[in-house]
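Number of protein chains: 2
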Amino acid sequence: MYIENWHCSNLVFKGLTKDELALLDQNKVDVHYQPDEIIFKQESPCSHVISFYEGQAMEYLEGGKNDKIILRLIKPVEFISGAGFYSDMKHHFSLKAITRASACFIDMGIIKELISKNHAFANTFLKIVHDNLIFSYQKLSSLTSKYQLGRLCEALLYLSNDFYEANPFELTISKPDLGAMSNMSKESAYRLLHELEKDGLILVNGNLITLLNSKRLEEISRNS
Amino acid sequence: MYIENWHCSNLVFKGLTKDELALLDQNKVDVHYQPDEIIFKQESPCSHVISFYEGQAMEYLEGGKNDKIILRLIKPVEFISGAGFYSDMKHHFSLKAITRASACFIDMGIIKELISKNHAFANTFLKIVHDNLIFSYQKLSSLTSKYQLGRLCEALLYLSNDFYEANPFELTISKPDLGAMSNMSKESAYRLLHELEKDGLILVNGNLITLLNSKRLEEISRNS
DNA sequence: TTAATATATTGATATATGTCAATATAATAT
DNA sequence: ATATTATATTGACATATATCAATATATTAA
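In order, the protein sequences belong to chains A and B.
Using our numbering, the letters of the first sequence map in sequence onto residues 1 to 224.
Using our numbering, the letters of the second sequence map in sequence onto residues 1001 to 1224.
No wet-lab data here; the hints were simulated from the structure.
Don't be surprised by glycine CBs; every beta carbon is placed ideally from N, CA and C.
A couple of the hints might just be wrong.
As the list claims (entries may be wrong) - Computed footprint of chain A on chain B; a stretch qualifies when at least three of its residues, placed anywhere within it, have a C-beta under 8 Å from a C-beta of chain A:
1. 1079-1087
2. 1111-1125
3. 1141-1153
Said to hold, decoys possible - The calculated lysine-lysine pairs, modelled on DSS-like cross-linking and capped at a C-alpha distance of 27 Å, are:
4. 18(A) with 1117(B)
5. 90(A) with 41(A)
6. 1090(B) with 1065(B)
7. 14(A) with 1127(B)
Could you put together the complete structure from these sequences and hints?
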């Protein structure tokens, strides 16, 4: 059954031995979420990593004048580890289910044990953290040094190319949340979507979005 | 001599054995820089980590409409490792000397070897990467969801509390660069410094800056 | 010392973008 | 079907902030 073998689909656990997998199995906890339910909250203590294996979720930053900044969307299978695991033992972003979703919690103690005992696993873990770091620098750069339109185009391309991996794609987040991904008000998001549509670059039909000219969208995204 | 024993002052290397330290010594390269010289550049291939042991430097992001975003300032002793080491083998930020500075280059191959062989070192390395991640999330949050004044106050507090660790402190970066730290134009930086001075919160005397009311500066920084 | 250049400072203006308000449409409940 | 609520859309306006321009001060060169 899928949930029983949750670790099989997560490449993070590929290099583990039978015993190590058994250890994980004995100590994991599965949790199921309804849409919009919070999985963990920024500032709360982090004790477990998560293997996210069903549904969709969003990672977001809270605080300041904005209600939130959406960092990225999550789909199966994703390994999510708190940034505070080696210092303050707190979460530094929040995670919330978008659709019905399931996550498997694994105690950080066990993860640290695996890191020390299994070199391949340690490497995979290091790769994930480094990838998060790269992602964060890119986000930092684009959110501070691009205009709204460029940021929105970037978000649309991210959704089509990386998250939904489809060209007409069905938005599973709201349009205001599309704004939160691009650091702008919901009104600006609506307005700019309309503008892109008027210019024939995209097609918006309710929640179905079609990118008609990805090349041009990339140009706009690049040159702000 | 200081340079010969460069690794002694960097806590990263604390847990290494004599043999491992000898390995580092045989494979390190020391490089000396003049003010404003680039140590490594964003997008360039990364092959070595750096132990920064003399002078001051700045980490900054390039690209977009801004000339740069200064992430943080570096002083001895700091271990600097590229975010691309586990994926694209590129640097994702640039590093530039502020004053005369010295850095010790160590091949990433050797670092990876130490990570696999020495568990304490692996843990220290993981802690550093995680700390960078936390720092990056905080920067992302404050640069996108605070007003200029709050961002400038944050930068001033960072300089006094974390970087210079002094209260009247002598700025070693320019005031335009103070703007680049807070994501604003140099004119805005000048203007707001003047404003803070008029309000009696700081004192600016050339490059000497005194924080007269840190409590209030923190408040402004928090509440934008 | 004087000229020349870079840095600092301030003011006026333009622009990006958010906020508020009005209305329209869609979804849901009664 | 009608009322009710949530979502979407657009317009008018306010404001944060950058840009441009003018001038002042400091620093360096001749």
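A quick look at each hint next to the structure:
Chain A is given as covering the region 1079-1087 of chain B, and this holds because 5 residues of the stretch bring a CB closer than 8 Å to a CB of that chain, at least three being needed. Residues of the region 1111-1125 of chain B with a Cβ under 8 Å from some Cβ of chain A number 6, which satisfies the need for three, so the listed coverage holds. Against chain A, the region 1141-1153 of chain B contributes 7 residues with a C-beta closer than 8 Å to a partner C-beta. That satisfies the three-residue criterion, and the hint holds. For the given pair, residue 18(A) sits about 23 Å from residue 1117(B) by alpha-carbon distance, which is consistent with the 27 Å threshold.
Restraint check for residue 90(A) and residue 41(A): the C-alpha separation of about 9 Å stays at or below 27 Å, so the hint holds. Proposed proximity of residue 1090(B) and residue 1065(B) is supported: the alpha carbons are some 22 Å apart, at most 27 Å. Straight-line distance between C-alpha atoms of residue 14(A) and residue 1127(B) comes to about 24 Å, which keeps the hinted pair within the 27 Å bound.
This entry satisfies every hint, going by the numbered hints stated previously.
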